[in-house]
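Participant: Below are the chains, spelled out letter by letter.
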Amino acid sequence: MIEHSYLIVLLPLLSALTIFFFGRSLPLKGAVLGICTLGITLIHSLGIFSILLQNPSYITEISIPWFRFGIHQTEFGFLIDGLSALMLVVVTSVSFLVHVYSLGYMKDDPRFKRYYAYLSFFTFAMLLLVVANNFLQMFIGWELVGLASYLLIGFWFEKTSASNAGRKAFITTKVGDIGFFLGILSLFSLLGTLNFAQVQGRIEEGLISANTAGIIALLLFCGAMGKSAQVPLHVWLPDAMEGPTPVSALIHAATMVAAGVYMVARSYFLFQHGPFSLEIIAWVGMLTAFLAATMALVATDIKRVLAFSTVSQLGYMILSMGVGGRAEGMFHLTTHAFFKALLFLGAGSVIHATHTNNIEEMGGLSKKMKLTFIAFTSAWLAISGIWPFAGFFSKDGILEATLNSNNSFLFWCATFVAFLTAFYMTRLYLLVFITEPRDKEIYNHAHESPKSMTIPLLVLALLSLVAGFLLEHSVPLLLSSQVLPPNVHASSAHTYPHWLVPAISSAAALLGIFLSYLIYWLKAVSAEKIASTFSWPYRLLLKKYNFDEFYIYCIIKPADWLAQKLALFDYHIFDQLGVDGIGFLTVKLSQIHDWFDQNIIDNLVDIWGKLSLLGSSILRKFQTGLVQNYILFILFGFGLLMVWQLKINFIELLR
Amino acid sequence: MGKDDSFHRAFDFNKHETNLNFNMEIVFYLTALLLLFSSVMVVTQKSVFTSALYLAVALSMVAALFVLLNADFLAAVQILLYVGGILVLLAFAVMLSSVEQAKRETQVNEQWLPSLMISFGILLVLLVSLKRSSFLEAEIQKNHFYPTTEKIGHLLLGELALPFEVVSLVLLASLVGAILFSKKEKIDG
Amino acid sequence: MVSLHHYLVLSAILLIIGIYGVITRRNIIGILMSIEIIFNATNINLVAFNHYFYPRALWGQGFAIFVITLAAAEAVVGLSLVLAIYRNLKTLYVERINILKG
Numbered sequence: 000m001i002e003h004s005y006l007i008v009l010l011p012l013l014s015a016l017t018i019f020f021f022g023r024s025l026p027l028k029g030a031v032l033g034i035c036t037l038g039i040t041l042i043h044s045l046g047i048f049s050i051l052l053q054n055p056s057y058i059t060e061i062s063i064p065w066f067r068f069g070i071h072q073t074e075f076g077f078l079i080d081g082l083s084a085l086m087l088v089v090v091t092s093v094s095f096l097v098h099v100y101s102l103g104y105m106k107d108d109p110r111f112k113r114y115y116a117y118l119s120f121f122t123f124a125m126l127l128l129v130v131a132n133n134f135l136q137m138f139i140g141w142e143l144v145g146l147a148s149y150l151l152i153g154f155w156f157e158k159t160s161a162s163n164a165g166r167k168a169f170i171t172t173k174v175g176d177i178g179f180f181l182g183i184l185s186l187f188s189l190l191g192t193l194n195f196a197q198v199q200g201r202i203e204e205g206l207i208s209a210n211t212a213g214i215i216a217l218l219l220f221c222g223a224m225g226k227s228a229q230v231p232l233h234v235w236l237p238d239a240m241e242g243p244t245p246v247s248a249l250i251h252a253a254t255m256v257a258a259g260v261y262m263v264a265r266s267y268f269l270f271q272h273g274p275f276s277l278e279i280i281a282w283v284g285m286l287t288a289f290l291a292a293t294m295a296l297v298a299t300d301i302k303r304v305l306a307f308s309t310v311s312q313l314g315y316m317i318l319s320m321g322v323g324g325r326a327e328g329m330f331h332l333t334t335h336a337f338f339k340a341l342l343f344l345g346a347g348s349v350i351h352a353t354h355t356n357n358i359e360e361m362g363g364l365s366k367k368m369k370l371t372f373i374a375f376t377s378a379w380l381a382i383s384g385i386w387p388f389a390g391f392f393s394k395d396g397i398l399e400a401t402l403n404s405n406n407s408f409l410f411w412c413a414t415f416v417a418f419l420t421a422f423y424m425t426r427l428y429l430l431v432f433i434t435e436p437r438d439k440e441i442y443n444h445a446h447e448s449p450k451s452m453t454i455p456l457l458v459l460a461l462l463s464l465v466a467g468f469l470l471e472h473s474v475p476l477l478l479s480s481q482v483l484p485p486n487v488h489a490s491s492a493h494t495y496p497h498w499l500v501p502a503i504s505s506a507a508a509l510l511g512i513f514l515s516y517l518i519y520w521l522k523a524v525s526a527e528k529i530a531s532t533f534s535w536p537y538r539l540l541l542k543k544y545n546f547d548e549f550y551i552y553c554i555i556k557p558a559d560w561l562a563q564k565l566a567l568f569d570y571h572i573f574d575q576l577g578v579d580g581i582g583f584l585t586v587k588l589s590q591i592h593d594w595f596d597q598n599i600i601d602n603l604v605d606i607w608g609k610l611s612l613l614g615s616s617i618l619r620k621f622q623t624g625l626v627q628n629y630i631l632f633i634l635f636g637f638g639l640l641m642v643w644q645l646k647i648n649f650i651e652l653l654r
Numbered sequence: 000m001g002k003d004d005s006f007h008r009a010f011d012f013n014k015h016e017t018n019l020n021f022n023m024e025i026v027f028y029l030t031a032l033l034l035l036f037s038s039v040m041v042v043t044q045k046s047v048f049t050s051a052l053y054l055a056v057a058l059s060m061v062a063a064l065f066v067l068l069n070a071d072f073l074a075a076v077q078i079l080l081y082v083g084g085i086l087v088l089l090a091f092a093v094m095l096s097s098v099e100q101a102k103r104e105t106q107v108n109e110q111w112l113p114s115l116m117i118s119f120g121i122l123l124v125l126l127v128s129l130k131r132s133s134f135l136e137a138e139i140q141k142n143h144f145y146p147t148t149e150k151i152g153h154l155l156l157g158e159l160a161l162p163f164e165v166v167s168l169v170l171l172a173s174l175v176g177a178i179l180f181s182k183k184e185k186i187d188g
Numbered sequence: 000m001v002s003l004h005h006y007l008v009l010s011a012i013l014l015i016i017g018i019y020g021v022i023t024r025r026n027i028i029g030i031l032m033s034i035e036i037i038f039n040a041t042n043i044n045l046v047a048f049n050h051y052f053y054p055r056a057l058w059g060q061g062f063a064i065f066v067i068t069l070a071a072a073e074a075v076v077g078l079s080l081v082l083a084i085y086r087n088l089k090t091l092y093v094e095r096i097n098i099l100k101g
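Protein chains in written order, with numbering that gives the first Met the number 0: chain Y, 0 to 654; chain B, 0 to 188; chain H, 0 to 101.
Excised from the complex, chain Y in its bound form (with noise of 0.2 Å):
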């Protein structure tokens, strides 16, 4: 089976290729072909979970050598170890969900057949960065899975604002790509191979020295800044949920944006061979949560909502990961798939209900869409953490981290930061689902959603259940055959209870349910009084803390003008100056030829005929008829002819 394993990553390119050329053709144009091999690539995938997790250090690695020059060599291979066996689970399942789902959602979508080529090439690219056992194959799968991001956000074009949204997406996570690309880079210069065994043994036997692993870890997590859009590369998600729901199911949700942190998780050796690198992505990662749990707060689209949940979960598990859950973050990552895919799916039943995002036109309809509710509150309870849901799980893993770390701060603030998950999460399932329909027209019209939608609704909401049972020691035993430096941050000396963590999570959580249980059914503290006495809070808040707009007027703004000013630069000096004044100071120089040749040869050819002209009209005047004029004449010329024959000088006349 794991010898196979590239028939993973090739099958769903060859469905991808198939349905764009051939589509048109086949059942379903295409969608057919796609399921089915999603679901061929998820059995696959499961078998070798399976295996890994009998034989978690079973690792299996395939590669071919690519190009080399020197010692520096890349190659292309596979490695199936239990990160990637994970991953691969996660992936194929998801985007077999929402391939089967997709199938109601985008019944009536004209560009059907290229949706799931779209869909089918994404989950291959996807597949690519996961199985890969070298930098370089992950870049390439990295930025693959940009080009299906950029295309399906914009897959309905015509929206300027959907097209607009894929390009910010794209920049934005270029971006970071590039500091991911100068770490690449750095490391294959001095290390002389990408390969992730053979970098972890060169760092190991001390090649490069720590400060340099820090940085290039670091750069290499700029990457992940934009990917997986933590603080300040953030800012293309919201705008991401332009695109179909299925699409943010997948993509923005489970796993695209996943893939940031399993790089962090790949590379985890970088990060802990550098001083300061794992304190650094943990403070980003918690400034990351926090903000987008209080941009959630406010927003009023549903999708928006989700997404900042997404940021928000996101920065938990970089945060995870900063104080040494590398196993911690993984499993949030698990179960954050599930129930966030979920969310967004569910929200998208919800949307195809009533044919608006906005929640505050939305209520009371868990009446008339049971099959979306029952999901919706499994995932709901599942983000909020709360026993027995997987989100209880994982979190808690995070929390429980965060203390043993050397910064209580951190422990806090994250604590903090689930409260606000809870409020929100809360404050959303109760405005669309429980709360009095705000829009008659609306909830009159609202039904439930077709099989193909519902049913992977349940099965997820099934997993948001017992995915925290099941994989609450897998996963932990599927990472521990990466063998590691011990933890740099070593436990704290106190120890806790083990119920402490636990009690104190489902206590923010609970709380958290609560206040916005008064506020927004309750009505016992009216919203919109708290919105107007802290107006200004509120009104940063709407505005995502106004990073668009910073964006806007420092960067792209003088971007812009500089381009400007080069583009005037360009046609005056260049155009004007260089090619047409070279054009006009040859029409220049001939006309001086011209008028060089006109008045100064012809002149000189007219000199002669003036010259005689002159000679003659003064030598006229000798001609005078008198003799004696003459005689005159004569004399003058025989005294100087005398005066020279004799040599007279003046002396001579002084007698």
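All the given hints hold, so there is nothing to weed out.
A short, non-exhaustive set of chain Y residues, derived as facing chain B with CB atoms under 7 Å: (1) L631; (2) L634; (3) F635; (4) G638; (5) M641.
Hints are computed from structural coordinates only; laboratory data are not their basis.
Backbone N, C-alpha and C define an ideal beta-carbon position, used for all residues, glycine too.
Take the given structure of chain Y and dock chains B and H to it, following the hints.
Facilitator: Only chains B and H this time, still in chain Y's reference frame:
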């Protein structure tokens, strides 16, 4: 020697000593001065008649100079021909044609200044060349004065007989021409 | 002593005076008179040379006689021409006798 000797015995040139009681230089200078003065008057007088009279004076002075130069016959010829003939002729011509000229009009034309300058120049040239020349002074000490008429007669009818005859032809031609021109008939032209 | 040099200078000056008169006088008769002066200058020259270099021979004086004769002939012809011109053109001024000028 024979013919000559008999002739010359009538008058012994060698023995005849001139007894000059006058100061030659004063006479010369006076005569020269008067000559120059009167010739300058000739060329500058406004009235033609006056200049004719001055010309008479000048010619007479020339005759005096001839006497000083032992040319007594020539002096007589000068007076007779020049003053008595040519000058009278000039006077007649002047008087015949002086009706139209106004006495106030200037007689020198517009180029008098350059001609004056050039004349002076030529004069300088001549004087310089004279100064450079060295003529033999051997005979100057002796003042040989003797009657010349006989000798000139011998000369004219002897060695210069041919020019004598030719000159008479010339005179004939000039006479004929003068008559021709003086006829009262219009000249075609 | 009056030397040859004196006579030569005198005749040179007279010559110049005569030349000046020829090229300056407007009246034809004036020109003719100036020519007479020139002739006389020549005569003085001839006779002076004769006296100082060849006192016994008189070729210079003979030459001078011929000069005088020819001067007379020339004066005759010239004056008759003058009279003819005066009769036709009523003027004696040289610059006005320009029938030939084209």
